[in-house]
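J.: Chains A and B, in that order, are what the protein sequence lines are.
Heads up, the first sequence is in UniProt numbering, so the first residue is 1 and it goes up one at a time.
Heads up, the second sequence is in UniProt numbering, so the first residue is 1 and it goes up one at a time.
No lab work stands behind these hints, which were simulated from the structure alone.
Do not take every clue at face value.
Label-pair distances were calculated between CB atoms; the ranges are [to be verified]: (1) 216(A) / 18(B): 43 to 51 Å; (2) 130(A) / 167(B): 46 to 54 Å; (3) 292(A) / 113(B): 43 to 51 Å; (4) 32(B) / 134(A): 40 to 48 Å; (5) 65(A) / 102(B): 37 to 45 Å; (6) 113(B) / 288(A): 49 to 57 Å; (7) 23(A) / 94(B): 35 to 43 Å.
Simulated crosslink set (DSBU-like; lysine-lysine; CA at most 35 Å straight-line) [unchecked claim]: (8) 26(B) / 245(A); (9) 66(A) / 151(A); (10) 26(B) / 288(A); (11) 137(A) / 26(B); (12) 26(B) / 106(A); (13) 105(A) / 26(B).
C-beta atoms are modelled at their ideal positions from N, C-alpha and C, and glycine is treated no differently.
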Amino acid sequence: MALLTVDRLTKRFEGALAVDEVGFSVGEGRCAALLGPNGAGKTTTIRMLTGLLAPTAGTIALEGMKPGQDRREWIGYLPQHPAFYGWMSGHEFLVCAARLCGLSKKEAAERSGELLERVGLGAAGKRRIAGYSGGMKQRLGLAQALIHRPKLLILDEPVSALDPIGRREVMTLLGELKSETTVLFSTHVLPDAEELCDDILVMAAGRLAAGGSLAGIRERNRQPVLSLETEGDARSRAWLAAWLKRLPDGFETASATSTGARLVVRDLEAARRTVLRELADENVRVTKLEVGYTTLEDLFLKAVGSA
Amino acid sequence: MSLSLKMKMKMKMSTGMQKWLVLFRKEWLEIVRSYRILWLPIAFAVLGASQPITSFFMPDILASAGNLPEGTVISIPAPTPPEALAGALSQFGAIGLLLVALSSMGAVSGERTSGTSAMILVKPVPFASFITAKWAALVLLASLSLAAGYGAAWYYTETLFGSVSWRDALPAVLLFALWMSFVGTLTLLFSALLRSAAAAAAAALATAAALSLSASSLPFEQSWNPGRLSALAAGRLVASAASPAGGQTAGDVWLTVAVTAIAMLAALFASARAVRRRPADA
Chain A
1 MALLTVDRLT KRFEGALAVD EVGFSVGEGR CAALLGPNGA GKTTTIRMLT
51 GLLAPTAGTI ALEGMKPGQD RREWIGYLPQ HPAFYGWMSG HEFLVCAARL
101 CGLSKKEAAE RSGELLERVG LGAAGKRRIA GYSGGMKQRL GLAQALIHRP
151 KLLILDEPVS ALDPIGRREV MTLLGELKSE TTVLFSTHVL PDAEELCDDI
201 LVMAAGRLAA GGSLAGIRER NRQPVLSLET EGDARSRAWL AAWLKRLPDG
251 FETASATSTG ARLVVRDLEA ARRTVLRELA DENVRVTKLE VGYTTLEDLF
301 LKAVGSA
Chain B
1 MSLSLKMKMK MKMSTGMQKW LVLFRKEWLE IVRSYRILWL PIAFAVLGAS
51 QPITSFFMPD ILASAGNLPE GTVISIPAPT PPEALAGALS QFGAIGLLLV
101 ALSSMGAVSG ERTSGTSAMI LVKPVPFASF ITAKWAALVL LASLSLAAGY
151 GAAWYYTETL FGSVSWRDAL PAVLLFALWM SFVGTLTLLF SALLRSAAAA
201 AAAALATAAA LSLSASSLPF EQSWNPGRLS ALAAGRLVAS AASPAGGQTA
251 GDVWLTVAVT AIAMLAALFA SARAVRRRPA DA
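Looking at chain B on its own, in the form it has when it is part of the complex (with noise of 0.2 Å):
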């Protein structure tokens, strides 16, 4: 008896789990066909390489623009290799967080208004499912164009300025990678929660560039604050681009990584019950 209720028990936890895996397949098969494979990637790229270029050849770009007057001396600092690798992740985080938002932005939206979400969740499936499946596929694509974007920075600041030692570098990404998954959440949460798609965007935007300003010029210690990721991400780099609070121990990071965790979850959870309420538009 209780051998076959396990048995059970088992069969349901599978039919859940290739429920899920299906939903997250035709999620990730939609950002195929979509390209947005390929181009959220390539932006991605196209930025982290550029950080370094632009500041490579800065003093060349400034002489050749020839409205200077006879004379003048250009002395511009060479940025040390982090320094060129911090700078990329600062374009990440404003042009890069931008297109993640305008990637996912009608996630839950744009489905709701097609009908399409009335043919998928009249079926017999958990709406948490529905939602976590869209919130992997949206963390690994973002993931992926944040490697690209890294990795052709990192290969850049190699190549002009020197090395940088993979035990700063990678730190860094991670903790900016999940200062992005934190935004990317907020966006699909505002798409549950919003009729349009641009609102999303702009609410989960707003949202995060709140936290971030606030992170940084509020004058009392937020531990708690995700937005203080990407200056930690970056006093990784260099040292002084942390926050002006000043050093940090590890259990302050721990906290924050903590914080924006259980806030990621808590933003998954009320999406799913919006979804749950208004399945879709009538």
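The shape of chain A in the complex, shown without the other chains (with noise of 0.2 Å):
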């Protein structure tokens, strides 16, 4: 069942159009990731979805929400940069947090204090926030999002913020919490997508280029990959530019260095005697061949080069 239901949803500022009659759901309990390059439209798709933006047009629905219920009680939202009062302790800012989600006192105090231990601000949580690393407000972002258990958890690039140290802490952390709700976050880093999602959503040019479940999207653009890599000798760089513009039928260039080339190609067997030949023809410095399949990096710069 979709717990998150996005219809059509467009923005346009002053002319331009940052989101373009995008539409997608995401099922309850699943967690889904909000793919793209930088400027696709991700932060935009979900500054509306928590009604920080008004949309142009388009409909958000939240499956088995009272009509003229709030849509902010069953979301929890980490920005990109989480911001807070700095003479505020980091207690103080959960426990607010806590309140105004309408948690009474008592609630609001444990609640706190045990998401604080959660995300390993334990110690922390007395002093006042302006005191606070980039990672350590990042923490707090995560717990007061989660601090009214929300149905439905949207983080807008939770990690790329961080080091190596605080992107696996918070990478483990979102682990265990996408068995616990509903996730829906945005990357533009395709492994994060890959260790935690089971939907991706790849947005490019304002526009959802691809969307399914991980899986279904592996198997529906699995297609074998021929990887060639040369010495990079003059005459090997010279035969691969020239190769790269005259390839046969059924050969596609998914990327392409001046040293090596990752060929979609259609038939294996057949592009695996015609590479072979090639190669033992033009006397080519080869240093690697490998046949494999496209991964999601490939769907990933197909789709968003190609919108």
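Join the two chains, each given in its own frame, into one complex according to the hints.
T.: Here is the structure:
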């Protein structure tokens, strides 16, 4: 069952179309990643979901919500750069956030203490937020997003501002959280999405370029790939450049550098024979020839590139 | 059935009240921790005290200035006690209003720029509560400051010039408090409408000055004009300080008060609307 359904969501900023008729749904209990390069419209989409930005057109619906109920009651949100009142302590901020979500005084204090421990800020809870590091603020941001046990947790680039250690910690936390609630998070880092998600939504230039379950997308877009690498001497480079221009039928360049290329092929057996013969005839100094299948990155580059 | 509905309504009311109180406490905590709770009342107290003190010592100050020709007779009529107190009010009307506007000019725009408004307004919080909690804290702080300043002015007036009846002094300060709250509300409104805090303070002060000027200089009756409030306040103390139109009836005063209150409500409504439309900067 879909918890969140977005239909033809559009946002226009002074003539420029930031989000263009985006539609998708996120199933209850699923973890979905909103992927896309910078400027694809991920943050704009998320801000419309959280109610911080009014859509130009389109609808956002949460399944099971009573008519007239405030969507914000069900959503926990961590912005890309969470901001806090520096003059408050971490614990005070969480209690304030909890009380604003309607928790009683006792519940708010309990839940705040519990969440501070969980995100590893137990000892820092009494200190003023002004003295927190970037990673600590990010973790406090996660705690405040979880404070009212939201049905839908929305995270905007939750790990991109963190160092490798902080990143690992937050990823582990998200791994735990996704079994407790529905999660939608945006990222431009593919391995992060692959590690955590059930579903992916690829955005490019304001449009939804691809979407579906990670396994399904992998299956549907699984194509054989021939990966070729040369020593990079002048002769091999010249051959590669020329050959890429006159690629035989059934070959398609996925990505290429001056010394090597990844080629999506239709018929693996035929392609292998063709390439081997070509390499032998032209006396190319090959260092690596690998046969495999397209990765999510290939799909991502294709989806983003064609948009 | 209807009983449970009533209970639900009551619960909804009480959580709404709870959220408002949490927001108000947050605003007040900021005022305390940023020491605005200290410097604004102190500044008002200094302003209020300096007015009667300087008018008391003015003849001595002039005499010791020493650049007057020999034999000059300095004769400055000593102000009456109510005049001295009214002088303090006019200080509050200029520098005091500036301080109030400066202390609240970033109330909304500052939170939008820093991103904290986004953190608060993604929670299920009514937008009107966000604004009215800010407003209540602002008015409370301004009133405390005015009380401190007026108290100081009153104390020195009593000591140096003589007593003023509280029957005159109290209505005067209440009218003035309304005028100051009105200017504070304008600052809040402009900080919700404009991106720049300095522009918000300037716009609020300019509006206040325009209203005040039109009340004192345009030749027709303007009972509706909130800009009349400071003159009305002074007029409670010194009859001649009232607006040039002359004798006011009580009805006039109440009309001004009512119009000001309605204008403040409208400004709060417009501010809440501005915050709903743009809860945060992109």
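J.: If a hint holds in the structure, say so; if it does not, say that too.
T.: Evaluation of the provided hints:
1. Take residue 216(A) and residue 18(B): their Cβ atoms lie about 46 Å apart, and the range 43 to 51 Å holds.
2. Checked against the given bound of 46 to 54 Å, the beta carbons of residue 130(A) and residue 167(B), roughly 49 Å apart, stay inside it.
3. Checking the proposed 43 to 51 Å range against residue 292(A) and residue 113(B) shows it holds: the Cβ atoms sit about 49 Å from each other.
4. At about 28 Å, the beta-carbon gap between residue 32(B) and residue 134(A) misses the expected band of 40 to 48 Å.
5. Restraint check, residue 65(A) to residue 102(B): a C-beta distance of roughly 43 Å satisfies the suggested window 37 to 45 Å.
6. For residue 113(B) and residue 288(A), the hinted distance range of 49 to 57 Å is satisfied, since their beta carbons lie about 52 Å from each other.
7. Separated by about 58 Å at the C-beta atoms, residue 23(A) and residue 94(B) break the suggested range of 35 to 43 Å.
8. In summary, the hint linking residue 26(B) to residue 245(A) is not supported, as the alpha carbons are separated by about 66 Å, beyond the 35 Å threshold.
9. For the proposed pair residue 66(A) and residue 151(A), the alpha carbon gap of about 14 Å is at most 35 Å, so the pair holds.
10. Straight-line distance between C-alpha atoms of residue 26(B) and residue 288(A) comes to about 63 Å, which puts the hinted pair past the 35 Å bound.
11. At roughly 19 Å between alpha-carbon atoms, residue 137(A) and residue 26(B) fall within 35 Å of each other, so this suggested pair holds.
12. At roughly 18 Å between alpha-carbon atoms, residue 26(B) and residue 106(A) fall within 35 Å of each other, so this suggested pair holds.
13. Pair hint residue 105(A) plus residue 26(B) holds up; C-alpha atoms about 15 Å apart against a cutoff of 35 Å.
Violated hints for the displayed structure, listed by number in ascending order: 4, 7, 8, 10.
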